[in-house]
Amino acid sequence: MANVAVPTHEDDILIQELGYDDHFHEHHDEDKYQSGFIGKYIFSMDHKIIAKQFLITGMFWAIIGALMSLVFRLQLGFPEEDMAWLKPILGQWITVNADGIGALDPQFYYALVTMHGTILVFFVLTAGLSGTFSNLLIPLQLGARDMASPMLNMFSYWFFFLSGMIMFFSLFLSTGPFSGGWTAYPPLSALPQASTGSGAGMTLWTLSLVFFVVSVLLGGINYITTVLNLRTKGMSLWRMPLTIWAFFVTAILGLLSFPVLVSAFLLMMCDRGLGTSFYLSEIFIGGEALDHVGGSPVLYQHLFWFLGHPEVYIIILPAMGLVSEVLAVHARKPIFGYKAMVYSILAIGFLAFIVWAHHMFMSGVNPFISNFFVVFTLIIAVPSAVKVFNWITTLYGGNVRFTSACLFGIGFVSLFISGGLTGIFLGNSAIDIQMHDTYFVVAHFHIVMGIAAFFGMFAGIYNWFPKMYGRFMNETLGKIHFWGTMIGAYAIFWPMHYLGMAGVPRRYYRFDSFDTFSHFSTMNQFITVAAIIVFAIQVLFVINFFYSIWYGKKMTTRNPWGANTLEWTTPINAGHGNWPGNIPSVHRWSYDYGKDGKEFIPQHYPMQEGETEVH
Amino acid sequence: MNVAVNHPNSYRNKIHPKKFALWTACISISMMFAAFSSAYIVRMAQGNWLEFPLPNWFYVSTATIILSSLTLHGSYWAFKKMKTGLYRALMLMSFVLGCLFIYFQYLGYHEMTAMGAHLTANPSSSFIFVISWVHIAHLVGGLGVLIVAMLHAFMLEHKVTPARKLRFELTYTYWHFVDILWIYLLLFFILQQQS
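Protein sequence lines, in the order shown, are assigned to chains A and B.
Each residue of the first sequence is one higher than the last, beginning at 325 in our numbering.
Each residue of the second sequence is one higher than the last, beginning at 990 in our numbering.
Derived from the structure by calculation, the hints contain no laboratory data.
Heads up, some of the hints might be wrong.
[Said to hold, decoys possible] No farther apart than 20 Å at their CA atoms in a straight line, the calculated lysine to any residue pairs in the SDA-like style are these:
#1 B:Lys1008 x A:Leu476
#2 B:Lys1007 x A:Leu476
#3 B:Lys1003 x A:Ser560
#4 B:Lys1007 x A:Lys376
#5 A:Lys657 x A:Phe726
#6 A:Lys557 x B:His1005
#7 B:Lys1072 x B:Thr1150
#8 A:Lys878 x A:Ala815
#9 B:Lys1003 x A:Leu561
#10 B:Lys1154 x B:Leu1132
#11 A:Lys411 x A:Ser498
#12 A:Lys411 x A:Phe496
#13 A:Lys364 x A:Leu495
#14 B:Lys1007 x A:Met475
#15 B:Lys1154 x B:His1141
#16 A:Lys376 x A:Leu394
#17 B:Lys1154 x B:Leu1170
#18 B:Lys1003 x A:Gly558
#19 B:Lys1072 x B:Val1149
#20 B:Lys1008 x A:Phe479
#21 B:Lys1070 x B:Leu1089
#22 A:Lys557 x B:Lys1003
#23 A:Lys411 x A:Leu495
#24 A:Lys922 x A:Gly934
#25 B:Lys1007 x A:Val538
#26 A:Lys803 x A:Ser872
#27 A:Lys557 x B:Val1049
#28 B:Lys1008 x B:Leu1155
#29 B:Lys1072 x B:Leu1059
#30 A:Lys803 x A:Ala815
#31 B:Lys1070 x B:Leu1155
#32 A:Lys364 x A:Met792
#33 B:Lys1072 x B:Leu1155
#34 B:Lys1008 x A:Met475
#35 B:Lys1007 x B:Lys1154
Given these sequences and hints, build the entire structure.
And the structure:
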């Protein structure tokens, strides 16, 4: 055991001398859950393993979700082409006519769009992003042995897994998965007879998401408790890296908004199964009047978007946190305006709860109420702009190392600006009359919270891969991945703005049958081809990821990026408990780069005589 | 197993992390009911709202659950004072009262149905059914916790250790929470009916 042996590494000596002794070694041998393969890698309670579980499960779902988008992009780009070659995979969902020309079933097209949204928003960008990095970094960067409750943490992952299994199962139903859009608005979602996907598909969809919420809440409770209770000695809130601030606020957002989604779903389940009328009123199906009277579909929208809007910040805040850290480390400069960054995270977190109706400007919400939501929506531009300004000024004049991680960080800033600017258009209820439900919206949210969040995630993966696996990912492949994705993502989504401004509506099965939109066919083909290329580049990333786990360049030093945060003080392949001996204690914030002529001064280094704290 | 918090020195805050986590969970659960409450208000404002008095059994069940909170707290007091018999008896009583609460709610549902305010009559009655079901679901979780507490009370030797004290405190915190949650819901229904 390392704390028995005389420490030789410089960090170990420092931690041994100045660190905090929590008598960890006395318990180490009793960690019976760490013995054996199943306890160590499957039902693990080690936050580092759970982080990897979230990441790899998220990657699995990202591939499924992306493949779905390719199928519907093929339909949109080449509606006349023969799709019979997909029949071996999609079976009944490809209908082959007498001439042998195969076409995608329209019902399944909607199912694909719905599942693509659900999977990407919840499974990939919530669980895969926040789940991975909150788990990995919160204990490591705060100097904690593990989460407050490793057991709940393990459950958090397995509820996510269960939720994923149910959703996966729903893909193979003979009636197809749910197809009413990822927002699941009633009546399409509340009436089993509304469409084929609204039957068993919707039941499983709801069930899956309820389990997903359980997973998010178990995780969130743990993250908040750990941040507030288990920080190491000296780690005041104002010394926490911005990653932790972001994960912390993200967890609070999830904790306050996801239960509202469950409430909305429970009322929906009652409408579906028990004949209540929370969301249904005066509906005719097949010429027959249903019993449901007195419900309000807009009520569901309110409840849904009370989660739905914070959800987009649940997705983007962790990415922002990761990018802030990655940019500071790779620019070799302190993050510009640390406190402004923290306050803007908090401001975004607060504003997240009072803007939800901007998703409903065209749903019959009172225009005077819309004004209120317009104002708060536009105010979000302020903290967002503060953050963008600070990222750029962090890079400005820095000794920037253009690693893959850093490139993805810079790419994130670019995408966040592009996507954020179109948000200002959409946030105005008057302009939204023209823009709503068009490809302009699709372009906006894909850039600002889809691709941008992915870039944050990639920045995080390239940067912390050595921490996770003790090896590096291939940098050349990483750079190809970056440039291909960066150019490709803009190639996909930039043209969509033009489509949207021309009024092309989203969620349509094909446009060639409309004279108004048929002249966009080449643009749609271009988008589809770009999407295929970008997907191929992601395959490259997946190969790089798995190849590097086993064959990547080995880590020889603990702190390859020269970062200040505590995770780089642990041994290269740290066991459960993270530090073999004492926990490092913290003496400074995490952004002492280029201070007093030193390139970087890690957080566990004591203050020198005459040295003053930067902030 | 619990490398992070089992050792008393590994945290220095006044509140135990597990207690803090429980409070956080309670806030989260409260948000669910806040959502129900606001949905109720929004829907009520839209009209077509059947009015009916709350069932009398709801008041009986409220008294029951308040009593169970008191007995559980009494049991905690007896636990600390080493009065083993009282500790066990009051614990059992809390559990029985908790079960009775569910039964009285059930009688309340019958009362509502009898007056025509059945589950699907109107959103006004549907809301009361569904909200109180979800409350019962959370109360059942509390009963599960009480079963574990009773197993400890009846099977283990009566000793006041920090770990057992903490466990008891977590138990009664949650039990009081579901109790207060129901009182809030009842007051909410009463106030909405009067408005």
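These are the hints, each one checked on the structure:
1. B:Lys1008 x A:Leu476: holds, 14 Å
2. B:Lys1007 x A:Leu476: At roughly 11 Å apart (the allowed maximum being 20 Å), A:Leu476 and B:Lys1007 satisfy the hint.
3. B:Lys1003 x A:Ser560: holds, 16 Å
4. B:Lys1007 x A:Lys376: Not satisfied, since the Cα-Cα distance of roughly 25 Å exceeds 20 Å.
5. A:Lys657 x A:Phe726: holds, 14 Å
6. A:Lys557 x B:His1005: holds, 17 Å
7. B:Lys1072 x B:Thr1150: holds, 15 Å
8. A:Lys878 x A:Ala815: Roughly 36 Å between the alpha carbons, so the hint for A:Lys878 and A:Ala815 is violated.
9. B:Lys1003 x A:Leu561: The hint holds at about 17 Å.
10. B:Lys1154 x B:Leu1132: Holds, because 18 Å separates the two Cα atoms, which is no more than 20 Å.
11. A:Lys411 x A:Ser498: Holds - the C-alpha atoms of A:Ser498 and A:Lys411 are around 15 Å apart, at most 20 Å.
12. A:Lys411 x A:Phe496: holds, 14 Å
13. A:Lys364 x A:Leu495: violated, 31 Å
14. B:Lys1007 x A:Met475: Cα-Cα ~12 Å, so holds.
15. B:Lys1154 x B:His1141: holds, 12 Å
16. A:Lys376 x A:Leu394: violated, 27 Å
17. B:Lys1154 x B:Leu1170: It is violated: about 24 Å lies between the C-alpha atoms, which goes past 20 Å.
18. B:Lys1003 x A:Gly558: Since the Cα atoms of B:Lys1003 and A:Gly558 sit roughly 17 Å apart, the hinted pair holds (cutoff 20 Å).
19. B:Lys1072 x B:Val1149: holds, 11 Å
20. B:Lys1008 x A:Phe479: Measuring from Cα to Cα gives roughly 18 Å; hence the hint holds.
21. B:Lys1070 x B:Leu1089: violated, 28 Å
22. A:Lys557 x B:Lys1003: holds, 15 Å
23. A:Lys411 x A:Leu495: holds, 16 Å
24. A:Lys922 x A:Gly934: Holds. A:Lys922 to A:Gly934 sits at ~15 Å (cutoff 20 Å).
25. B:Lys1007 x A:Val538: Distance ~18 Å between B:Lys1007 and A:Val538 Cα, so the pair holds.
26. A:Lys803 x A:Ser872: Roughly 15 Å separates the two Cα atoms, so the pair holds.
27. A:Lys557 x B:Val1049: violated, 51 Å
28. B:Lys1008 x B:Leu1155: At roughly 8 Å apart (the allowed maximum being 20 Å), B:Leu1155 and B:Lys1008 satisfy the hint.
29. B:Lys1072 x B:Leu1059: holds, 17 Å
30. A:Lys803 x A:Ala815: holds, 18 Å
31. B:Lys1070 x B:Leu1155: Roughly 15 Å separates the two Cα atoms, so the pair holds.
32. A:Lys364 x A:Met792: The given pair, whose Cα atoms are some 15 Å apart, holds under the 20 Å limit.
33. B:Lys1072 x B:Leu1155: At roughly 18 Å apart (the allowed maximum being 20 Å), B:Leu1155 and B:Lys1072 satisfy the hint.
34. B:Lys1008 x A:Met475: Measuring from Cα to Cα gives roughly 15 Å; hence the hint holds.
35. B:Lys1007 x B:Lys1154: Distance ~13 Å between B:Lys1007 and B:Lys1154 Cα, so the pair holds.
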